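Chains as they are written, first to last, in our numbering: chain Z, 23 to 125; chain V, 19 to 196; chain L, 459 to 855; chain W, 3 to 251.
Read the hints as simulated data drawn from the structure, not as lab findings. Computed from a predicted structure; not experimentally measured. We put the beta carbon where it would ideally sit given N, CA and C, even for glycine. Treat the hints with care, since some could be wrong.
As the list claims (entries may be wrong) - Derived coverage of chain W by chain L (criterion: at least 3 residues anywhere in the stretch with Cβ under 8 Å from a Cβ of chain L; other residues may be distant): (1) 12 to 19; (2) 23 to 37.
Unchecked claim - Rough simulated footprint, nothing fancy, chain W against chain L, three-plus residues with beta-carbon under 8 Å: (3) 505 to 517; (4) 622 to 634.
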Amino acid sequence: MNPAQPYLFLAAALFIIGMAGALARRNAILALVGIELMLNAANLSFVAFWRHGPHPDPQTGLMFALFSIAIAGAEAAVGLALIIALFRHRRSVSLEAAESLKG
Amino acid sequence: MTPWFLLFGGLVVVGALGAMALRNPVHCGLSLVVTFVGLAGTYLDLGADFLGLAQILVYVGAVAILLVFVMLLTRTGRGESPEVRPGGWWWGGLVAALVAVGLVGALASVSGWKPRSEPMTFPTVRDLGVALMTDFVLPLQLVGVVLTAAMIGAAILALPERRGGRVGRTPKGEEPEQ
Amino acid sequence: MAANVDQIFVHLMQMMVDRVPDAVAPWVRAAVGVGAVLGLFGLLFGLTTVCERKGIARMQNRLGPNRVGPFGFLQFAADGIKSLTKEDVVPRSADRVVHYLAPLALLTPVVLTFLVLPFGRNMVLMHVDTGLLFFFAAGASTELAVFMAGWSSRNKYSLLGAMRAIAQMISYELPFILSTVGVVMIAGTLSTVGIVESQAARPGEWLARWNLFTPWGLAAFLLFLIAAFAEANRSPFDLPEGESEIVAGYFIEYSGFKFALFFMAEYLGMFASSGMAVTLFLGGWTAPVAALDWIPSWLWFFGKLLALIALFIWVRGTTPRLRMDQLMDFAWKFMLPLALLILPVVAVWHYLGGGWRGWLFCTPVLAAAYVLLGRALVGRRRIQRRVYRYAGEGVAS
Amino acid sequence: MLGVGIIKGLAETGRNFIGSYFDRDRLVTVEYPEQRVPLRENFRQFPFLVHDGQDAAIGLRCVACQICEKECPPQCIYIEKSKDKKPDHLGKPQFFPAVFNIDISVCMSCQICVEVCPFDAIKMDQDFELSTADRFGGLLLGKTQLARPNTHFQRIHPREAAEIDTRRADERQKAEAKAKADAEAKAKAAAAAAAGTAAATTTAAVDAAKPVGARPAPTTVPGPASARALPGAGAGTVPAAPSEPGGQV
């Protein structure tokens, strides 16, 4: 048992919950929420590795998580803008409303 | 494992479960905030002060607000359709279970973990700033570009379309195309 | 002697902590500190409400509350008892859980912001490296509580009020944070204690190095203060609770004690913003001139804090409410560019090392930006004297 | 320039703030329960029922015509007509209200009841301190609570009261004159027609005068003084004289 393991298990649980939700929910916003959860799970494992990993570098893990947060912000903004655009055309945020994009 | 870990970890899991399982989308959004707060607490517990506070500032202060705003903007008067896609829980759960088995298996079988050779040195904010401006200056610039592009893109996507197909403000008194 | 008076609260705390076993000492320290801050600012909240009512009354040539207690100063106790004993009404269609949690979710982060404010020398509850970031992180989470309150009430007006409040808080959050970045650049730290120490007079100097005494500091202070007005939903930015349009905004459906909690959170937010303004720009606990150093540091802090609160009240008694578009224009077209301009100006100031060269460069740049942005904001829309068709001087009889 | 207006405004309020501590004349407010601003004559708040004389039970001018009840926009008036009749100030027999209730929690002080009343029986009061601890019983006022003597009306709306009083006095004088003329005519006719006794004439005169003087006790005493008793009978309708202290409320 290494000290990072509880955090990694927590991250795994978060990832799995997010994934199940993102695949199952009909509401596009909630699918996006699931993706956010998965991103956060990745962040958590970065920080856990930074804190408890054998690597001596004091900053890389933190930096990775920091950039990841920044990108997640951008991702949320664009994703929600897409949802608004979708809503404007279909009057619905259901993922099935976007099925005409299928090839 | 500290008591803080149990507290914040519990918040994270409960919040995440709520965010994915509650019926009302706004409740899901608020539950997501619980997750974010729990994660920030976990980061603080791990010694990453700056990251934990940035997590609160970005996720609670911006992303969660954006989410609930969009939820309210995209409300339709009619009754909500079923929240879960037909059969969604089945194959969503199945994929998640497979991933879970893989992840847990991988985590449980980790071996040869070397303990940290030297004591942990926690970087101060100044250290982080110096690192951002020296070693990580290229990623920082790239993130800046990405954020700018995302901001412009989001604004353009969310602006109502004009009839001529050009992007811009809708004329007064005219509803956006539906 | 002066040093003892200065550190009296620190010594008291130390005496208290020394009497308990080491294991619980940090908990005792935290509990006593938080209790003292809560009690002090709770009392200040009560007195401020009375003083505000009396002060605004005087500005309008009225008397104000003068019944309860000497000169009406116990009015807040009467108000408190009244709000505690009132019936707690929850709308039938409200979302009960969220409705219940919203005032708590609003008050908690506001109270947390007091943890990083340095009230005097060695008098800060949480001495952390990231104090300023903590302050803004806690402040940012209040928006969600506002949303919770507005949404869960199932009331059009409360939802509209919440939307207005959030739009306003997000818009003013940018200049609020950006205006402090200059201070961080000069002080080189995010720690509130470090920022205050960087503004103290160096040995041999007669004037303290308050950020207010620099051109960019003055500009940033004004921006910070205006943004603080907006963040605290105070007049002239009190649209979220505009009585004439949306009754009371996001807390229409709250009554009794929960309403009092909202009220309290609003005032505590104002105190926190004022305290942060004191810390960032007015030198925190330091004296403006070195000759006045003998006055205890906490007196300096609270004196400045009270002065700022008085300013808040004064402005509330003076200005009418803005319109929504004016509010947004002001945030995005005036404050944000100015706040962004301050950053390079501060960099140049730092590069020039302050002094007369700094003044020579910074003052004209900021003044020009102020005039130009102000022109762009209001310039062509000069308000004409209104002529009425059927009344007033302009009527041809 | 941006911001100048705000500074001017701050200076103005600051001047007010400081000035209010030095210049007492600035403060226009009155400390209400102790000091009161005298009410304007035209101030009107909630209706009351006017009665002549001292006794509300018999002096009410209201004849239960129920016009006000029908006209009241929020329908806060409730009237029950009496079974029997009482003579009014002109001597005509009229109904009187057995029940007259006004729910002042519903009343909006619109004064329409006063406008429509043909008998000057309901008027607007000036009493605005009507709060009560009993929100159901205390706000429903009955006949006796609503009744105020005419002297009260004369006090609060002197101009209007004087007008009404002279009108009513005129009316009554005309009625009296008519009654007297009738009585005289009758007496003359009786005297001319038959060789009646003096006693019979007196009885006829008393009969003719009786309805007018029916209310106060002295007039019910038959006698040759019946004509003299008339002014005393209508004491309440005569403009308030200094010699009449009992009417003040």
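Verification of the supplied hints:
Counting residues of the segment 12 to 19 of chain W whose C-beta lies closer than 8 Å to any C-beta of chain L gives 6; at least three are required, and the coverage claim holds. With 6 residues having a Cβ less than 8 Å from any Cβ of chain L, the segment 23 to 37 of chain W passes the three-residue criterion, so the hint holds. A count of 3 residues in the segment 505 to 517 of chain L with a Cβ less than 8 Å from any Cβ of chain W is obtained; the coverage claim is therefore met, three being the minimum. For the segment 622 to 634 of chain L, the stated coverage by chain W is violated: 0 residues have a C-beta nearer than 8 Å to a C-beta of that chain, whereas at least 3 were required.
Checked against the numbered hints above, the structure violates only hint 4.
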